[in-house]
Every structure is written in structure tokens, then in C-alpha cells.
Amino acid sequence: MFIRCFLFLLFFAAGHAHAFTPAEAKAMATGETDARIEALNKAVASADDQTAAFLQALIDDSVKVAGDKVFVVKGDKAFDPVTGAQTPLPADAEDVINNNRMRGELDTAMAALKLFSKDEKERAAAVKLLRTETDEARLPLIEKAYAAESNAQIKEQLGLVRAAVLLGSSDKGKRMDAAKLLSQSNSGGTKLLLIERLKVETEPDVKATLEASLRTVEASLAWGDKLGAVFSGISLGSILLLVALGLAITYGLMGVINMAHGELMMIGAYATYVVQGIFQKYLPGAFDWYLLAAVPAAFLASALMGAILERSVIRFLYGRPLETLLATWGISLMLQQLVRSTFGAQNVGVENPSWMSGGIVVLGNLQLPWNRIIIIGFAFAVLLGMGFLIGRTRLGLFVRGVTQNRPIASCMGVNTARIDTYAFALGSGIAGLAGCALSQIGNVGPDLGQGYIVDSFMVVVLGGVGQLAGTVYAALGLGVLNKFLEGWTGAVLAKIAVLVLIIVFIQKRPQGIFAVKGRSAEA
Amino acid sequence: MLSGRGWTAFVVALIVVCAVAPLLNLYVPQGNALHMSDYAVALVGKIMCYAICALAMDLIWGYTGILSLGHGLFFALGGYAMGMYLMRQIGTDGQYHSHLPDFMVFLDWKALPWHWTFSGSFAATLFLVVAVPAAVAFVFGFFAFRSRIKGVYFSIITQALTYAAMLLFFRNETGFGGNNGFTDFKRILDIPMQTPAMRMVLFVLTGVTLLAFYLFGRWLVASKFGRVLQAIRDAESRVMFSGYNPIGYKLTIWTISAVMCGVAGALYVPQVGIINPSEMSPANSIEIAIWAAVGGRGTLIGPILGAFIVNGAKSWLTVTAPEFWLYFLGALFIAVTLFLPQGVVGLVRKLRGSKA
Chain C
1 MFIRCFLFLL FFAAGHAHAF TPAEAKAMAT GETDARIEAL NKAVASADDQ TAAFLQALID
61 DSVKVAGDKV FVVKGDKAFD PVTGAQTPLP ADAEDVINNN RMRGELDTAM AALKLFSKDE
121 KERAAAVKLL RTETDEARLP LIEKAYAAES NAQIKEQLGL VRAAVLLGSS DKGKRMDAAK
181 LLSQSNSGGT KLLLIERLKV ETEPDVKATL EASLRTVEAS LAWGDKLGAV FSGISLGSIL
241 LLVALGLAIT YGLMGVINMA HGELMMIGAY ATYVVQGIFQ KYLPGAFDWY LLAAVPAAFL
301 ASALMGAILE RSVIRFLYGR PLETLLATWG ISLMLQQLVR STFGAQNVGV ENPSWMSGGI
361 VVLGNLQLPW NRIIIIGFAF AVLLGMGFLI GRTRLGLFVR GVTQNRPIAS CMGVNTARID
421 TYAFALGSGI AGLAGCALSQ IGNVGPDLGQ GYIVDSFMVV VLGGVGQLAG TVYAALGLGV
481 LNKFLEGWTG AVLAKIAVLV LIIVFIQKRP QGIFAVKGRS AEA
Chain U
524 MLSGRGWTAF VVALIVVCAV APLLNLYVPQ GNALHMSDYA VALVGKIMCY AICALAMDLI
584 WGYTGILSLG HGLFFALGGY AMGMYLMRQI GTDGQYHSHL PDFMVFLDWK ALPWHWTFSG
644 SFAATLFLVV AVPAAVAFVF GFFAFRSRIK GVYFSIITQA LTYAAMLLFF RNETGFGGNN
704 GFTDFKRILD IPMQTPAMRM VLFVLTGVTL LAFYLFGRWL VASKFGRVLQ AIRDAESRVM
764 FSGYNPIGYK LTIWTISAVM CGVAGALYVP QVGIINPSEM SPANSIEIAI WAAVGGRGTL
824 IGPILGAFIV NGAKSWLTVT APEFWLYFLG ALFIAVTLFL PQGVVGLVRK LRGSKA
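Going line by line, the protein sequences match chains C and U.
For the first sequence, our numbering gives the first residue as 1, with consecutive numbering after it.
For the second sequence, our numbering gives the first residue as 524, with consecutive numbering after it.
Calculated directly from the structure, the hints in this document are not laboratory data.
Treat the hints with care, since some could be wrong.
[To be verified] Quick look at which bits of chain C chain U covers, simulated, 3 or more residues with Cβ under 8 angstroms:
no., stretch
1, 308–317
2, 327–333
3, 446–458
A virtual CB, placed ideally from N, CA and C, is assigned to each residue, including glycine.
Please build the complete structure, drawing on both the sequences and the hints.
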């Protein structure tokens, strides 16, 4: 791993060929931090493979010093950093300690070297790391990389890095060019850089260019912020939707105030955790695909638990919503304790499969993470599936029939008790799916459900009980509203504001967004 | 108001609270079988505060049919009002020897925030203990009842209310001590609090308040006002068609109930020595409902019994088998709703009826 990294590094042009010397190695490894950084920067400007390997060794904390000699330690063997030959390690060799500042310098130096990697991804990552670098000593290296870069996108980014470094140049023309060029950037780092430079800039025309660039960058950043808020709002909304969809069945259709809904989600999340464990143990090669197996497992685990609850407790309480509230609250306490006794009171770790990590970069300051995107897609897939099941299938027909008029449905030969069980199990299973999704973005622990229960009831109440479309609008609306308020007031106050707004909204429309029209005096 | 036997039981309870318990705690030597330990005094004192909450819950739920899942908020508001006074009473004896409460020094505040203005005065505190829960309940109830939110909707919105308040009180900048709330109290009315005599005074005060609220409740439910409440519980639309406007009745009992919880909170804080935002967690408010349900809704003695049964079991179980407590509480919720809709009092009545 250690050496392989550097096979990517190009060998430097002959004019720069400059052998790595023991003196350089020593200067980088010992002495005051300032002196070490100076030596480091000097070495990097004309680095060869050995220098890179040595830097990596410094980063990995595997360099030792004894007297004048520096050693790279691998396992229980020591090597000379310059020749690469194995040498005996003196007993009095001491570890080289890097403080945080030194570590930062080592990392950027490493990134600068990686600009010459053959792997495009590594080059792109290196450019990203160097984006806030302004050290002029790095300029020759960046210039060279810029000239050698073949990928247009990376070259553009590299140009911005180059401009950022040039911004500190003593040549007015270069500064001017850099200031112009930087207006294309849309990262928060560039904004800071421009502001910093504006403070010290004395030339009026450069100053004007800087200001113009700053305005452009700020405008593009503002777009990123806005789009980011919309995206995270939709993301939050899709989670609320997943959580509330199950409730839309158990509460909206069946009239059961299921306070254990959050715990059914928790069961789904723990089912995901168990499936992950099984894959880790028996199918480590297919680990990336464990989530595909976890989705049905989470659904079935929660649906089974839901069926058991319906048969044992809830069926005795139909038509008495307040009683179902208390009984299911009791169930939720017991399920929490059950999970605590089985899996421990601590949170358990659920990993993202590799295809869910990373994201799409849309703007400099806006990256859409894959796991969020996938969850949004998943939420809508579940919504469609549920809409199909309720609206188009025989089971759905029976569920609607039983909720509308139980005695007539029963007269028509529908086994109403069994339909109740199926419907409750379906709602619970969807809660399990929500839990599976939540396991990918948050903590999985015994109190996972508690954090969502108030929110999800709010969504159902706001949307109008028994209204699937209302649930969707309410979930997305609350999600986006919440995120926008968050940007303005902070997370907690946003949450409070949303709750207050819901209370006010219910004043105006006690039946939710989509009220069922009726003439009953009780309505 | 009470039957002959009822009055006898009431007087016995009053004597136990005001004379027997203090005597057993202060004057019977330790080691004697009759000695009431400080732990027992603290526990019973605490449960009596809870019993006041259960009683308040019963007036609004058992007699008016409105299930509140936010009574923990009123309890905490009363507690915080008292807690602010107690924080000021610490004076310069805190960690930082400042006139400001420790957490404010820690946050580098230079002066008391506006809502602490009256916290220095005991009289103002007594007023706030009643006025703050009453005001919050009145405003919330006014809007909720006016738009005829009821049943489950009302329950869920009260839950959201207490949840929102909890989030707010968890914040440091709202000036309520954030996560840690108030603690480390030293004295009340310039009298040190950590003495057996002061503990007994608080205990007796709580007991007398509980009994007074019980009598008040008896009077209230037997009055014409109370009978309208029960009519609203049983058939609200018929009450409206008979020419009554239920909003005023509901709002009144809702506010009274909140005030009772606030007073309970104010008595609870000096006895327990801490108040923090977790008192406003939705779980706590739901537990108040289970005390009332276990004892028996629609009877006044039931909720008091329920508070003692559940909390007695809690303090016993959390010591002997801590993992078992949530199973027990959960099973209790289920069993009471499935098998004991009238609670313990209903069970006793049934057993008596079958014997007779």
C-alpha cells in the first residue's frame, strides 16, 4: 500500500532531477516545527519518489531518528530513507512526533505531489485539498502540474488554485489576472481568500477587480446555499414521508394511535443491523449488497411484530383511540427495553455500502450525498408501492371496505379481523422500511423511534387523517419549511417555530390540508 | 361533599401527614422499627406532588374527557418558577461566588435576563407559580377549544407543545440553565433547606396541599359546573344543543388543572433539589395519564392511589431490578387499558359488588 501509492507519481523531468539526501531527510524529521516546514517545502518543490515515500512515512508516524540518521520503520525492519536499503535500527532510536501544524503541512505537501498521479481521481482529490493553499513556494509545482494536466475539468480547478496562489504575488499584473480568474470559482474558500486579499490590497484597480470577483462568487454561493436548503428540505421531507406513510395506514385508515410506531421503525433498523452482521460474517465478498437483503428483512421483521401486536392487544381496542394511545405507549416501552436487553443500551453501528457514499457535486459549495438521494428515491418508491397496494389490489379494496363500513364488508364475506391484521402488519412493515432507511443516515439505538414520533404524528394530522396525498404534501412541506427556518434561526428554534405554525394552522383547518367533507355534528 | 366515613378517612390522612409522619421521622430514633427514614420522607413527599398532578389530570381527563399529554409542561413551569427563586437564594455561595446563578457566569452573562426580574422575591415567585402555567394554559386552551380541536388531535397537539417547550428549555440562551436546569439549592426564605425540620415542613405543606386540592376537586365535581363538565365528557354536542357553550367550561377546568400541576411542580423542586427540561419530555406527561388510569378515571381518590401505586412500584423496581421497570410500566399500560378500564377503584367496586 505504502509504496504502491507512489508508483503513480511521475518521475520528474531531468532538469529537476535532484536526489533526495540524508541531510534533507534529517531536516524534515528533526528540529523546530518552523525549520522542518521550511525544509519540507524546499524538498517538495523538487521532489522525487524517495521524497514522496519519506513524506508518507512521516504522515504514517513510521519514522525514527537516532543521532544523525533517519530510519523508516516497516513492521520490525528499518530502512534507509534515501537508498531504501534495510539497515539495523539502533536501540536508542526515537519516534518522530508531528504536531497538528506539521501534519497539516505534510498533508498539503503530499497533495501537491499527488497532482502528478496517473489516477485522475487522485489528482482531483489533490486539487480539492490544495484549494485553500496560498503558499507561493508551491507555485512552481502547481505551474508544472497545470501545464501537464490533460483532464479539462481538473485543469480548470487547478487554474483556480494557481490563481489563488498568484493572488499573493508581488507582481500587479499577475494579481489582476488571478483576481479575474477567481470570479469563476464558487467555493467558500475562494470567498475567504478574496476577502483576505481585499484587506491588504493597495492598488485601486486590482481592488476593484477583486470586489467584482467577490460579488460574482458570493452570488453563485448564494445559489448553492438555496439549492442546498431545498435539497436537504426534500431529504428531510422524504424521511418524514417514510415515517408517516406507515402511520397513514395504522392511524389514518384504522384509527389506531400507534405510539409504538417509532419502535417498529427501530425494529426495522435493528433488522438492518442484523442482516449487516450476517453479511459481514458469511458473505464478506457481497457486503456491498447487504442493504438489498436488509430491505425485505426490515419489512418482514416489523410486519411480523405488527401482526403480533394487532392480534394480542390492538384488536380489542378498535374505536377507542385514546385507549390505543395508552396501550401502544406501553408496547413501545416494552419494545425499547427488549432491544436494550438484546442489543445493549448503546447505539450500534450500521455502515453505508460503498455505492451510497460520496455524492454529486453540483456547485462548489453544494454536494448532494448519494445516501440522501437514494433515500428520496426509496421514499417515493415506497409511496408508489403503497398507493398501488391500497388503490389497485384486492387486499387494498378490502382494507378500504373494512375501514369505511365494517358491518357491510363483513356481510359481503370479508374476513374483517384478518384484514385488520394485514393492514396493521402492512403499516408496521412500512415503518420497518423507514427504519431501514434511517439506519443509513443516523444513529441506530433503542430510542431511535422517540425522536420521530411527534414529527410523524404532526405530518399525519397536518395532512388530514386518511389522506395519502395530504401526507405527502405535509411531509415535504414540513421538511422544506424546517430547513429554510433552520438556515435563518438555527435547528431548535426552527423546530419550535414549525410546531407553533402547525398549531396555528390546525386552528384554521382542524381537519388538515385535505379535510374530509361531511355534515356530521361531531366533525 | 364527603360521606361520614369519607370525612373520617380524610381527617386520618390529615393527621398522618401533619403529625404522625413528622413525629416518626424527627423524634423516633433511628434503628427503631417505627422510624420513618429521610429517604421515605423524600419519596412520599415526591409522590404526593405526583398525586397532585394525577388529580389535575383526572379533572381534565376523567371528568371532562380531554386527554392532555402536556401536563408535564405545567408541572415544569411551576417548578422552574420556584427554581429561579431558589437559584437566587443561593446568593454568592455558588461555585463562582457571584450574585448571578452559576450557569450564567459560565455563559459569561453580565446581568440577569428580563424574565428573572421577579425571581428575587418570594411573593412574586408564589404568584408566578400560579400565573405562568395559568397563562400558558389559557392562551393555548383558548385557541385550541375555540377551533374545536378535540380528542386525539388535542392530545397530540399538547404533546407537541410540551415537546417544543422542552427543546426551548434545553437551549442555553433562553436563560433556564439549559441541559442541567437548576440545582444545588441552598436555602428558602433565607432558611437552610437541607435540615430535617425544613424537609418536614415541605413534606407537610405538600400533604396539606394535596388534601386541599382533593377537597376542592370534590366540591368542584359535585357542583353544577362539575356536572356540566361530565355532560361535556359524555356528549358534547348535546350540551351545546341544550344552550351551553362548552368552550368556557373547558377553558376554566383546563386552566385550573394546569395551575394545580404548576403548584405541584413548585412543591416538588425544593424537595427533590433539581429541575431540568427532561420533566417536559412527552414520556413524563404520558406517565401522568397512566397514574390516573391505573387508579381509576372519574374518581378523585383513584388517581391519588394510582400515583402511589405506580411510583411506589417504580422506586422499588428501579432498585431491585432496573431492567424490569420498563417491562412492568409497559405491561401496566396495556393491562389497565385492556382489563381495568375503571382502574383499581373500579376493580375494588366490582369485587365489593360481587360479594354483596
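Status of the hints after comparison with the structure:
1. 308–317: With 3 residues close enough to chain U, the hint holds.
2. 327–333: Result for this restraint: holds, n = 6.
3. 446–458: With 5 residues close enough to chain U, the hint holds.
Every hint, counting from the list given before, is met by this structure.
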